[in-house]
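Residue numbers (numbering that gives the first Met the number 0), protein chains in the order written: chain A, 0 to 292; chain B, 0 to 312.
In case anyone wonders, no lab produced these hints; they're calculated from the structure. Check before you lean on any hint, since a few could be wrong.
Said to hold, decoys possible - Listed next, with one range per pair, are the computed distances between beta-carbon atoms: (1) Lys-50(B) / Thr-151(A): 51 to 61 Å; (2) Gly-53(B) / Arg-205(A): 48 to 58 Å; (3) Leu-291(B) / Pro-60(A): 22 to 32 Å; (4) Ile-89(A) / Asp-196(B): 22 to 32 Å; (5) Thr-75(A) / Ala-153(B): 45 to 55 Å; (6) Phe-214(B) / Pro-81(A): 17 to 27 Å; (7) Glu-57(A) / Ile-294(B): 23 to 33 Å; (8) Thr-18(A) / Ile-288(B): 42 to 52 Å.
To be verified - With a Cα cut of at most 20 Å, we get these calculated DMTMM-like pairs of lysine to aspartate or glutamate: (9) Lys-13(A) / Asp-47(B); (10) Lys-216(B) / Glu-201(B); (11) Lys-12(B) / Asp-255(A); (12) Lys-115(A) / Asp-174(A); (13) Lys-50(B) / Glu-201(B); (14) Lys-122(A) / Asp-174(A); (15) Lys-117(A) / Asp-74(A); (16) Lys-117(A) / Glu-192(A); (17) Lys-273(B) / Asp-60(B); (18) Lys-13(A) / Asp-206(B); (19) Lys-216(B) / Asp-196(B); (20) Lys-273(B) / Glu-183(A); (21) Lys-12(B) / Glu-183(A); (22) Lys-216(B) / Asp-206(B); (23) Lys-61(A) / Asp-255(A); (24) Lys-232(A) / Asp-74(A); (25) Lys-233(A) / Asp-113(A); (26) Lys-12(B) / Asp-231(A).
To be verified - Residues from chain B shown here face chain A by an in silico Cβ test under 7 Å; the list is partial: (27) Ser-29; (28) Leu-33; (29) Gly-48; (30) Lys-50; (31) Leu-136.
Just so it is clear, the structure is predicted and the values come from calculations on it, not from any experiment. All C-beta atoms in this analysis are idealised placements derived from N, C-alpha and C, irrespective of residue type, glycine included.
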Amino acid sequence: MANNLEDYKIHTSKFSLITSRVFSYIFLAFVTFLSLFPFYLMIINSTRSNAQLQAGFEILPKEHFIDNLITAWNDTSIFFLPQGLLNSFIVAACTCLLGTYFSALTAYGICVYDFKGKNLAHKFIILVMMIPTQVSALGFVQIVNNLNLTNTYWPLIIPAIAAPATYFYMKQYIDSTLPLEIVEAARVDGSNEFRTFNTICMPILRPAMAVQMIFAFVASWNNFFTPALILDKKEIITLPIMLSIVRSRINSQAGDMGEVYMIILLAIIPVVIVYLFLSRFIIKGVTLGAVKG
Amino acid sequence: MNSKKHKSISYAKWGYAFIAPFFIVYTLCSLVPLFMTFYNSFFENYMDGLKQIGPNFVGLDNYISLFTVSNNGTIDILVYTSNTIIMWLMGAIPQIVFALLLAVIFTSARMRIKGQQFFKTVIYMPNLIMASAFSMLFFTLFSNVGPINQIIQAMGGEVFMFFNNEWSARTIIAFINFLMWFGNTTILLMAGIMGIDQSLFEAASIDGANSRQVFFKITLPLLMPIIVYVLITALIGGLQMFDVPQIISAGLGTPNRTTMTLVMYLNRFIGTSKNYGMAGAVSLVLFVITGLLSIIVFKSLIPSDKKKKKGGK
């Protein structure tokens with residue numbers, strides 16, 4: 000009797016395990032399809048000529064990839080795409096280097112030293128972490144106008160030095176990984192405090208800083224709101240602004256759609272490549288940065 | 000204890016030096032602009048054609064006109080706030096449901112799903128993609144001559160103008176936001192589930208609880224603080240919704256301003272119409288809403304710090 004019951008239990012639990020596994024894999028396949036389908040369509044469509052695109056939808060790639068690439072690359076009618084890639088890269092690279100370094104420096108200062116107002120400083124940064132940049136955008140644009148800094152990259156790069164989210168992440172990482180004895184030992188050896196940070200502590204923080212650099216780079220590469228208020232010159236604008244121009248051009252006239260898909264592809268591809276190489280670290284970084292404790 | 004105090008005195012100035020760049024830049028690039036923005040909201044300051052009006056002090060007039068019925072016959076800011084929240088909800092609800100399901104699937108010790116790294120990589124990928132490029136892509140996909148309409152026509156249907164219909168336009172915008180953020184939420188919730196004491200799950204399975212009972216009686220209640228955290232941060236992000244509807248509707252909030260969000264409204268005042276007084280007032284409204292929400296997040300972050308200090312080394 001008892002044996003039968005046990006058998007029954009094991010049998011049903013095995014059955015339910017199999018059904019839930021099947022359900023899970025079907026769900027995962029569906030989600031994978033959702034996530035990858037836009038990329039698939041984009042890549043296929045960037046290989047087709049405008050005429051082919053007008054003719055109808057097709058599943059397989061065509062032979063016009065290089066043609067579209069050349070058209071998109073050389074089109075100077077409203078902007079110059081290679082210049083945009085370079086502009087976006089310059090801004091993103093400066094932003095991520097400055098932001099990560101100075102935010103790590105701040106986190107280190109608050110973790111390692113005891114000084115008056117240290118807790119207040121920490122609380123202040125956490126409090127302002129959630130305030131959206133859009134809220135102070137008007138005042139910021141006025142300052143930029145008054146200093147004649149429109150159509151330069153300074154207003155995009157300098158504010159990155161104060162990155163509250165990066166600070167928060169680095170603070171947590173330093174609290175859990177950096178042994179203060181190292182700092183003490185460096186002091187005994189007569190190392191200056193900045194040198195201690197740059198040459199002894201930074202190598203320990205490298206994994207966390209790398210993750211934050213990736214996030215900062217991507218955020219800057221994709222940033223649209225602030226650059227759109229500050230940049231409007233053809234030679235200066237970054238990729239998201241170019242895309243908004245492409246979008247408004249479609250409203251007024253039918254352009255070469257093959258070229259449009261190619262521009263989208265080129266705007267996305269650098270980040271995708273970086274991501275595919277570093278996805279493991281990036282996904283780990285998401286968890287470490289946002290969840291407390 | 001004594002020696003520590005001694006050291007802290009001699010090195011304190013270094014602490015200030017290390018945090019100085021951050022605070023100086025934050026003050027100049029965020030705090031001062033923030034106050035300037037609020038200051039602007041009390042002035043009449045805009046371009047009427049080529050003529051500059053103001054700045055003249057007008058007290059609360061900008062706020063009053065922000066909350067009075069406009070030429071459109073509606074109180075615009077309320078319409079745009081509700082647009083923002085509707086589109087956010089349309090994306091956020093499926094986002095949380097999908098993320099919860101995925102997090103449970105990934106963390107299930109019984110199922111031992113294979114290829115986890117692959118699936119996680121794939122679902123997180125849309126989050127890194129430029130929102131403007133993603134929106135541009137969806138705009139071309141769903142346009143009247145785009146692939147989706149070509150498929151509809153190939154199956155004998157009529158062309159459906161996705162961007163001329165309020166709900167299909169909103170759905171596409173919400174779907175893009177959903178697609179961009181569900182992977183991120185999944186990873187956060189997974190970390191939350193893995194933080195739950197494993198012995199609770201073991202005890203439940205010994206007592207004969209089925210997986211539904213385990214989910215509703217153990218996982219979900221213990222995960223609630225993290226779900227709340229995720230929801231509030233998502234709401235703060237949602238209130239800033241800009242890139243996607245801006246690109247999809249070319250900044251117009253078409254059809255009939257039903258996809259116009261708060262930040263698009265703000266962007267129009269700062270960028271297009273240069274009405275700095277009204278821009279300031281919209282900013283303050285946005286600030287108050289996010290400020291209230293932030294305080295909740297702030298409260299949930301600070302006590303956990305204290306706990307850690309007590310329990311830690």
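To see whether the hints hold, each was checked on the structure:
Taking the beta carbon of each, Lys-50(B) and Thr-151(A) are about 29 Å apart, not inside 51 to 61 Å as hinted. Between Gly-53(B) and Arg-205(A) the CB atoms are about 52 Å apart, so this pair conforms to the stated range of 48 to 58 Å. Taking 22 to 32 Å as the suggested C-beta distance range, the pair Leu-291(B) and Pro-60(A) does not conform, at roughly 51 Å. In this structure the hint that Ile-89(A) and Asp-196(B) lie 22 to 32 Å apart at CB is violated, the actual value being about 49 Å.
Between Thr-75(A) and Ala-153(B) the C-beta distance comes to about 37 Å, which lies outside the given range of 45 to 55 Å. Remark: the range hint 17 to 27 Å for Phe-214(B) to Pro-81(A) is contradicted by a beta-carbon distance near 52 Å. Distance hint check: the CB atoms of Glu-57(A) and Ile-294(B) are about 53 Å apart, inconsistent with the given range 23 to 33 Å. At roughly 45 Å, the beta-carbon separation of Thr-18(A) and Ile-288(B) lies within the given 42 to 52 Å, and the hint holds.
Under the criterion of a C-alpha separation no larger than 20 Å, the hint pairing Lys-13(A) with Asp-47(B) is inconsistent with the structure, at around 74 Å. For the hint linking Lys-216(B) to Glu-201(B), the alpha-carbon distance of about 14 Å falls within 20 Å, and the restraint holds. At most 20 Å may separate the alpha-carbon atoms for a hinted pair to count; Lys-12(B) and Asp-255(A) exceed this at roughly 61 Å. Pair hint Lys-115(A) plus Asp-174(A) holds up; C-alpha atoms about 19 Å apart against a cutoff of 20 Å.
Under the criterion of a C-alpha separation no larger than 20 Å, the hint pairing Lys-50(B) with Glu-201(B) is inconsistent with the structure, at around 74 Å. For the hint linking Lys-122(A) to Asp-174(A), the alpha-carbon distance of about 16 Å falls within 20 Å, and the restraint holds. Between the alpha carbons of Lys-117(A) and Asp-74(A) the distance comes to roughly 54 Å, so the proposed pair goes past 20 Å and is violated. Restraint check: the Cα-Cα separation between Lys-117(A) and Glu-192(A) comes to about 18 Å, which is no more than 20 Å; the hinted pair holds.
Our distance criterion of 20 Å between C-alpha atoms is met by Lys-273(B) and Asp-60(B), whose separation comes to about 17 Å. Between Lys-13(A) and Asp-206(B) the CA atoms are separated by roughly 17 Å; this keeps the pair inside 20 Å, and the hint holds. Between Lys-216(B) and Asp-196(B) the alpha-carbon distance is near 14 Å, which keeps this suggested pair within the 20 Å criterion. Between Lys-273(B) and Glu-183(A), the direct Cα distance comes to roughly 55 Å. Violation of the 20 Å bound is thereby established for this hinted pair.
Restraint check: the Cα-Cα separation between Lys-12(B) and Glu-183(A) comes to about 16 Å, which is no more than 20 Å; the hinted pair holds. For the suggested pair Lys-216(B) and Asp-206(B), the alpha carbons sit about 13 Å apart, so the restraint of at most 20 Å is met. Between Lys-61(A) and Asp-255(A), the direct Cα distance comes to roughly 16 Å. Compliance with the 20 Å bound is thereby established for this hinted pair. A hinted pair counts as satisfied when its Cα atoms are at most 20 Å apart, and Lys-232(A) with Asp-74(A) qualifies at roughly 16 Å.
Distance hint between Lys-233(A) and Asp-113(A) is unfulfilled; the C-alpha atoms sit about 50 Å from each other, more than 20 Å. Of the supplied pair hints, the one linking Lys-12(B) and Asp-231(A) is violated, its CA atoms being roughly 43 Å apart against a limit of 20 Å. Against a cut-off of 7 Å between C-beta atoms, the interface hint on Ser-29(B) holds, since the closest Cβ of chain A lies about 5 Å away. Interface restraint check for Leu-33(B): the shortest CB-CB distance to chain A comes to about 4 Å, inside 7 Å, so the restraint holds.
Hint status for Gly-48(B) relative to chain A: violated, with the closest Cβ pair at about 20 Å, above 7 Å. The interface hint given for Lys-50(B) is broken, as the beta carbon of that residue sits about 18 Å from the closest beta carbon of chain A, more than 7 Å. Evaluation of the Leu-136(B) hint against chain A yields a held restraint, the C-beta minimum of about 5 Å falling below 7 Å.
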